[in-house]
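**Q** What follows is the residue order along each chain.
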Amino acid sequence: MQAVERWLATSGGNMGGNRFSDRLLPLLFVPVIFISVLPMLRLAAEGLFVQGMPSLDYVRDVMESSQTWRATAHSLYTAALGTVISVLIGGAFAFLVALTDIRAKAALVFCFMIPMMIPPQITALAWVQLTGPSSALLNAIGMAPALGSPQPLYSAEGIALLLGIQHASIVFLTLRANLRLLPREQVEAARLAGARGGRLWWQVILPLTSPGLIAGTAMAFVTALGNFGIQAMLGIPGNYITLPTLIYRKLSSFGPAALGEVSVLAMLIGVIAVIGVLLHHHLLGKRDYRLMGVVGRPLDIRLGARRIVIEILLWAVLVAILVVPLMALVATSLVPAFGVRLGFDNFSFDAFYQVLFVQPATIRAFHNSLLLSVGAAIVLVGMCLPLAYVIVRRPSRLTKLVNLLVEIPYALPGVVLAIACILLFIRIPVLDISLYGTLAIIFVAYLARFLIIALRPVMNSFMQLDPALEEAAQACGAGIGRRLRDILLPLAAPAAAAGALLVFLTAFNELTVSALLWSAGNETLGVLIFNLDDSGDSVLASAVAVLVVGVVVALMTGFQLASRHLPKGVIPWQS
Amino acid sequence: MAVINLRNITKQFGDYRAVNNVSLDIADGEFVALLGPSGCGKTTLLRLLAGFEEPDEGTISLAGQVVADGVSRQMVAPEDRNLGIVFQSYALWPHMSVARNVGYPLEVRKMLRAERDRRIREALSIVSLENYADRSPSELSGGQRQRVALARCLVMEPRAVLLDEPLANLDVHLRETMQEAFLDFHRRTGATMIYVTHDQAEAMAMADRIAVMDRGHIRQMAAPETLYREPSDQMVAGFVGAGAVLPVGDITLQNNGRCAVRLGDADISARICARVASQTGANDALGLCLRPEDIRVDGHGTLAGKVEDCVYLGGRFRLAVRLANGHALPVYSDLRARIGENISLSVRDGWVFSRQEAA
Ligand SMILES: Nc1ncnc2c1ncn2[C@@H]1O[C@H](COP(=O)(O)OP(=O)(O)OP(=O)(O)O)[C@@H](O)[C@H]1O
Ligand SMILES: [Mg+2]
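Quick note, the sequences are listed as chains A and B, same order.
So in our numbering the end of the first sequence lands on 575, straight run, no missing numbers.
So in our numbering the end of the second sequence lands on 359, straight run, no missing numbers.
Everything labelled a hint here was simulated from the structure, so no lab data went into it.
Idealized CB from N, CA, C, for every residue including glycine.
Keep in mind that a hint or two might mislead.
With beta-carbon atoms standing in for the labels, derived distance ranges [to be verified]:
hint : chain 1 : residue 1 : chain 2 : residue 2 : range
1    : B       : D56       : A       : G375      : 20 to 30 Å
2    : B       : Q74       : A       : I275      : 40 to 50 Å
3    : A       : P467      : B       : P37       : 20 to 30 Å
4    : B       : S138      : A       : I378      : 23 to 33 Å
5    : B       : R113      : A       : Q464      : 44 to 54 Å
6    : A       : L206      : B       : A285      : 51 to 61 Å
Please construct the entire structure, taking both the sequences and the accompanying hints into account.
**A** Here it is in C-alpha cells:
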C-alpha cells in the first residue's frame with residue numbers, strides 16, 4: 001500500500017511544495033473517485049459474481065446469446081454511420097464558418113448549436129411526427145405517405161441519420177476550436193508556395209486540423225453509441241434493437257433479476273467505447289502538429305461567386321435539420337385530438353393547457369429538471385476549480401489517473417452509468433440508507449456524468465494562464481487559499497461559467513440517465529416526454545417538447561443577448 | 001535587505017543539470033547581475049532563490065536562515081520568504097486595478113486600509129505612476145506595466161528583489177529609461193537586487209558585480225571592469241565584450257604581474273592572471289585576450305594583418321583584421337580601411353589566462 005502511495009506521489013514536474021496544504025490536495029480526489037469510479041467497479045462486480053462467488057456464468061450467458069451480437073452489430077452500424085453523417089455536416093459547417101468569408105456567421109453558429117441542446121428524444125419525436133403517415137404537417141399540406149405504410153425512420157438508417165444530425169455540433173465545436181488556432185500564416189505560406197483549391201484543402205488545412213477532426217469523430221462516435229433517446233424512440237417501435245435498448249428492455253421486463261446480464265452488456269458497451277477512445281488517443285499521439293505563429297485574424301478565404309450558393313446550401317441544411325422537424329413538433333402539439341387532420345381552422349392549444357394546468361407532472365418535471373441541472377452546474381463548478389488546479393499545476397501519476405477516470409462516466413452510455421448508480425446507491429453499505437427512488441440518485445449520477453464537461457474548460461483556462469501570475473502572488477506572500485480566491489478564481493471565471501452553462505443545458509434535457517433512475521414524483525423532463533410518447537400520448541408529448549425547446553432557445557438567446565456584458569469566453573458556442 | 005548565500009546548489013531536470021554545483025555569496029544591498037547565454041540556467045537559479053524550485057543538492061540561506069536544503073528537503077515556501085520578484089512577462093493581474101496590483105502584498109499581510117493606501121501612493125510615486133492608480137493593467141504601455149510590477153515588489157519592502165530579464169520586451173529607448181529607474185530605485189532603497197539578463201551591456205551598466213553563467217556553472221563572478229579586463233577563462237573572455245582570444249605559447253614572466261608574449265613578429269607586454277603566473281610549466285594552453293581599444297592601427301606597428309571587413313560605427317570604424325597566424329582581431333580605427341589592405345598594428349595591453357576550463 002505504501003509502495004502504491006509512493007508511486008502515486010512521484011510527480012512529473014512539481015512546483016516544489018512539500019507543505020501541509022499541498023499534502024491535503026489529494027483529498028480533493030476522494031469525491032471524484034466516489035462518484036466516477038466506485039459505480040463502475042460496483043457494476044463490474046455484479047456481472048462477475050454469481051451469488052457472491054466469482055463466476056463467468058453471466059458472461060457466458062450473454063456471449064452465447066445471438067441477441068447480444070445482433071444488438072452489438074446494430075449499435076456499431078448505427079453509431080458508425082451516424083458518425084460519418086456528423087463528420088460530414090459538422091465538418092463542412094466548421095470549415096466554412098472558420099475559414100471562409102460567408103456572411104452571418106454568428107446566426108449560423110447559434111442555429112447550428114440548437115440541435116445539440118434539444119434532447120435527443122425530442123429530436124426523434126419531431127422527425128417521427130414529420131415523416132410518418134400520420135404527420136400533422138404533411139397531412140396539412142396533403143403530402144403524407146399513405147396510411148398503413150411503414151414509418152421510414154423506424155430503421156437502422158433512420159437512427160443513424162438522427163444520430164448524425166444530433167451530434168454534428170460536437171464535431172463542429174471541436175473542429176472549430178482547432179481551426180481557431182490555425183494561424184493564417186501557415187495557409188498563406190502554402191498559397192505562396194503555389195497550393196490552391198483542392199490541394200490547399202487536402203494537403204495543408206485538413207492535415208493541420210486533423211487532431212480536431214479525430215477528437216470530434218471519436219467523441220461523436222462514443223456519444224452516438226450511448227445515445228438512448230433516439231435509439232429507443234426509433235428502434236423500439238421498429239424492433240431494431242441496439243445495446244442500450246437491449247439493456248433497457250431486459251431491465252423493464254425482468255427487473256433486478258436481469259442485473260447480472262445487464263452488467264455484462266454494459267461492460268460490452270464500455271469496451272467498445274474505450275476502444276474508440278484508445279484509438280483516438282493512438283491516432284492523436286502520432287500527430288503533434290503544434291501550430292506555430294501568432295493566432296491573429298481568422299482566415300477569410302474568398303469564395304467569390306460561389307459564396308451565395310454555399311450560403312443558401314448551409315441555411316437549407318439548417319432548415320432541414322432544425323426548422324422543419326420543429327415545425328412538425330409544433331404542428332402535432334396543436335392537433336385538436338389524436339388522428340384528426342390539422343388545418344388552419346381547427347388548431348387548438350388544449351394540449352398546452354393540459355400539460356401546464358391540468359397535469360401536475362409537467363410543472364413537477366420542469367421543477368425537478370431545473371433543480372437538478374442548476375444544482376449540478378453549481379456543485380460541479382465548485383468541485384472543478386480546485387480539481388483542475390491540481391491536475392494542471394501539480395501533475396503526478398495520481399492526477400493523470402484521475403484525469404482519465406473522469407472521462408469514463410461520460411464516455412460510457414448513460415444507461416450503464418444509471419445502472420451502476422442504482423447498484424451502488426440502492427443501499428449504501430455503512431450508512432444503511434438508500435438513495436434509490438429519490439431525486440438524489442439522479443443528482444449523483446449527473447455529477448458523475450457531467451464532471452468532465454465542467455472540468456475541461458476550466459483545465460484549459462488554467463493551462464493557458466501564465467504561471468507567473470500565480471507565482472507573483474506567491475512572492476507577495478499569498479498562500480494557496482488566497483491565490484485560488486484572489487488570482488485564479490477571477491481569471492478562470494469565464495471558463496467556469498462556460499462549463500456551468502454547458503452542464504446546465506445538457507442536464508436540463510437529459511433522458512438517458514434519468515430514464516432508469518426516476519421514480520414517481522421524481523421525473524425529469526426527458527422522462528416525462530418519453531413516457532407520454534411511449535403511452536401513445538404523442539400530442540401531449542409534443543406539447544411538452546415544444547415547451548422545453550422554447551425554454552432552451554429562450555435561455556440560449558438570453559445568454560447570447562447578454563454576451564456583450566459577459567466576459568469573453570462565457571458563451572460556449574462563441575468561444 | 002539580506003545576505004544571500006548559495007552553497008553547492010544543483011538542480012536537475014531529468015538527467016540534465018540546469019544548475020550545477022553553484023556557490024554564490026551576495027552581500028547586503030548589492031546589485032548583482034546574472035549574465036549568460038540562453039538556456040544556461042539563469043532563470044532556474046532565480047527560481048531556486050525565490051523558492052519556486054527545490055534544489056536537489058546544496059543549501060540556500062537568506063540572512064543566515066536556511067530556506068532550502070537539498071539534503072533534508074526542508075523548504076521555506078515562496079510566500080514566506082519575503083522576496084520580491086519581477087517577471088519578464090510582468091505578471092500583473094488583469095482583473096485588478098494598478099493600485100490593487102501594487103497593494104496586494106499589503107492586502108495579504110492584512111495591513112490597515114489607510115496605511116496601505118499611503119504605501120501604495122508612495123510606491124507609485126517612486127516609479128512615477130501616481131496618476132495611473134485606477135487604470136487597469138491592460139491600459140498601460142509595456143514600460144508602465146514593468147514599473148507597476150516593480151512598485152508591487154517595492155511596497156512589501158522585500159529582503160531582496162529578483163528580476164528576470166525585466167527589460168527584454170521593451171524597445172531600446174525605454175530600456176535606457178527603465179535601467180535608470182532600476183538604478184535609482186536601488187540607490188534610494190539600498191535593496192539587494194539580483195538581475196537576470198543575457199544582455200552584457202545592461203549587466204555592465206547596472207551591476208556592482210556580475211556572475212557569468214554557462215551550462216549551469218558560474219564561470220566567474222566579479223565587478224564589471226574586472227570581468228572585462230581580466231576574464232578568468234575562454235568562455236567569459238568570449239562572452240563579455242568584444243575582442244579576440246589568441247592561443248599563445250611562449251611567455252616570459254616579468255615581476256610586476258605582467259609578462260611578455262611573442263605573437264608573430266611582435267613582442268607584446270600583457271597582464272597575466274596570478275594563478276597562471278604561479279603555475280609555471282602549464283604554459284601550453286594559454287590564451288591572450290586582446291580588446292579592440294588596446295590595439296591601434298599604427299604605421300610603425302610590428303603586428304601585421306590584412307583587413308577583411310570594415311564597419312562604420314559612428315565616430316569610428318571597426319575593422320576585422322586577419323593575422324598571419326590565421327586568427328581574426330577586431331580593431332577600432334579612426335580612418336576607413338580598404339578591404340584587402342595590409343596594415344600594421346601596435347598592441348598596448350593584453351591579458352593572459354589559462355584556456356583550460358576550471359571545472
Ligand atoms: N521545468 C523544466 N523542465 C525541464 N527542463 C527545464 C525546465 N526549466 C528549465 N529547463 C531546462 O534547464 C535549462 C536552463 O533553463 P533556464 O530557463 O534556467 O535558462 P535561462 O538561462 O533562463 O535561459 P533564457 O536566457 O533563454 O531565459 C534549459 O536547458 C531548459 O531547457
Ligand atoms: Mg530565462
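**Q** So, for every hint listed, does it hold in this structure?
**A** Going down the list of hints, with the structure as the test:
One distance hint, 20 to 30 Å for the beta-carbon pair D56(B) and G375(A), is violated here, with the actual separation near 47 Å. Taken as a hint, the range 40 to 50 Å holds for the pair Q74(B) and I275(A), whose Cβ atoms sit roughly 48 Å apart. Separated by about 24 Å at the C-beta atoms, P467(A) and P37(B) satisfy the suggested range of 20 to 30 Å. Checked against the hint of 23 to 33 Å, the pair S138(B) and I378(A) passes, with Cβ atoms roughly 30 Å apart.
For R113(B) and Q464(A), the hinted distance range of 44 to 54 Å is not satisfied, since their beta carbons lie about 34 Å from each other. Range check, L206(A) to A285(B): Cβ separation about 58 Å, and the 51 to 61 Å hint holds.
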